[in-house]
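Asker: Next come the chains, spelled out residue by residue.
There are 2 protein chains.
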Amino acid sequence: MAEKVIPDIVVARLPIYLRTLQQLKAEGRNITLSQELGEMLGISAAQIRKDLSLFGEFGKQGTGYNISYLIDRLCEILNVGKEWEVAVIGAGDIGSALVSYQGFANRGFRVNMIFDKNPEKIGTKLGGFFVKNSDDLVETIRSSEIKIAMLTVPAENAQEVAEKLVEAGVKAILNYAPIYLKLPSDIRVQYIDPSVHLQHMTYYL
Amino acid sequence: MAEKVIPDIVVARLPIYLRTLQQLKAEGRNITLSQELGEMLGISAAQIRKDLSLFGEFGKQGTGYNISYLIDRLCEILNVGKEWEVAVIGAGDIGSALVSYQGFANRGFRVNMIFDKNPEKIGTKLGGFFVKNSDDLVETIRSSEIKIAMLTVPAENAQEVAEKLVEAGVKAILNYAPIYLKLPSDIRVQYIDPSVHLQHMTYYL
Chain A
1 MAEKVIPDIV
11 VARLPIYLRT
21 LQQLKAEGRN
31 ITLSQELGEM
41 LGISAAQIRK
51 DLSLFGEFGK
61 QGTGYNISYL
71 IDRLCEILNV
81 GKEWEVAVIG
91 AGDIGSALVS
101 YQGFANRGFR
111 VNMIFDKNPE
121 KIGTKLGGFF
131 VKNSDDLVET
141 IRSSEIKIAM
151 LTVPAENAQE
161 VAEKLVEAGV
171 KAILNYAPIY
181 LKLPSDIRVQ
191 YIDPSVHLQH
201 MTYYL
Chain B
1 MAEKVIPDIV
11 VARLPIYLRT
21 LQQLKAEGRN
31 ITLSQELGEM
41 LGISAAQIRK
51 DLSLFGEFGK
61 QGTGYNISYL
71 IDRLCEILNV
81 GKEWEVAVIG
91 AGDIGSALVS
101 YQGFANRGFR
111 VNMIFDKNPE
121 KIGTKLGGFF
131 VKNSDDLVET
141 IRSSEIKIAM
151 LTVPAENAQE
161 VAEKLVEAGV
171 KAILNYAPIY
181 LKLPSDIRVQ
191 YIDPSVHLQH
201 MTYYL
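In order, the protein sequence lines correspond to chains A and B. Quick note on numbering: this note's numbering labels position 163 of the first sequence as 163, and the sequence is numbered without any gaps. Quick note on numbering: this note's numbering labels position 32 of the second sequence as 32, and the sequence is numbered without any gaps.
Here chain A stands alone, though its shape is the one from the complex (with noise of 0.2 Å):
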């Protein structure tokens, strides 16, 4: 693992730089230039060089970078050489789509047990799981090895649940609903949020 400290921004990077070298493996390549990489990304080589230069050398000037090679290191590095088991909480469109989601596959998740709070929908099978009641959210977690849930509920709901979240052993939560929410600083927490991609785009338009 690293032994220096990285900036949080860079880390933000690398898993989009897995994805993108998945995508090439994917596709039958074996080797790849920050250059390329770049141009796929909207980021310059440069700044990738020094990104992936924080974790070690991956590639020397001109022969490219191995795929496969840093494909491994890059797993390793965010912790996804295993695989995560993952709560989602809330049964609602997007809670569906998620138990059945496509791009968890060898990218280090899946999904592992889902939760609402809606006697109509408590017990009834969803992309192959009963849905469990949130009642009893706290306890089913704590007792289980998942340390890391998927937030789907309302807006209004969204901090109650993610407070249970952490009481029950969650570290690190993916918060859907259009909220910021206040958790203890240990606790890892990123937002799916439409506006601000959408946002970035409107910049260019």
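Misleading hints may appear alongside valid ones.
It does not matter which identical chain is meant; a pair holds if it fits inside one copy or across any two.
Lysine-lysine pairs mimicking DSSO-like chemistry, simulated, CA-CA at most 27 Å apart [stated by the list, open to error]: (1) K125 to K164; (2) K4 to K125; (3) K50 to K4; (4) K125 to K25.
These aren't lab readings, by the way, just hints derived from the structure by calculation.
Starting from the known structure of chain A, arrange chain B on it as the hints suggest.
Answerer: Just chain B, lined up with the frame of chain A:
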């Protein structure tokens, strides 16, 4: 508007600053410091000051930023002073969630139409919209003001539908399918990719 070229990685942070400022404003706050924003976002205060200084003078050392003023300026910089009409392609779980998503209000976007190719969905009502036929996508979008689309079709159809969107005059695509889109370089593409956010967090676990 900015006269110099702003690095895209800075542009990417502006919507996140804007979201955080809007949150603070909603809490009744008038003034914030780069230190506070930094702590909320896990970005250094120096980085935030540096990013914002690219666009002008927004605050004086020690006195902080006027939140409402900075929100107005960021909306202007990101071109979300007006409201953009957006098309949703795919009336599945994600499409359903997007047509009734609360997080577009006051952020510059309004869903205006939704398409699907499934005859059982076409003509049914979803979040106040009648689902339109994907076969008419090019014609319908071309004769509208729409320049932005959110793509929620299955991965195997995403490239083909994205090309149709480009043909229809769309300039920015928010892609929910777990696949990299190959499109002309003047088309902006952003990805909603939960695995990327999860991997960002597992780095720290």
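Asker: The structure should be examined with respect to each hint, and the outcome stated for every one.
Answerer: Here is how each hint holds up against the structure:
{"no.": "1", "hint": "K125 to K164", "in the structure": "within (24 Å within a copy, 36 Å between copies)"}
{"no.": "2", "hint": "K4 to K125", "in the structure": "neither (46 Å within a copy, 54 Å between copies)"}
{"no.": "3", "hint": "K50 to K4", "in the structure": "both (14 Å within a copy, 23 Å between copies)"}
{"no.": "4", "hint": "K125 to K25", "in the structure": "neither (35 Å within a copy, 41 Å between copies)"}
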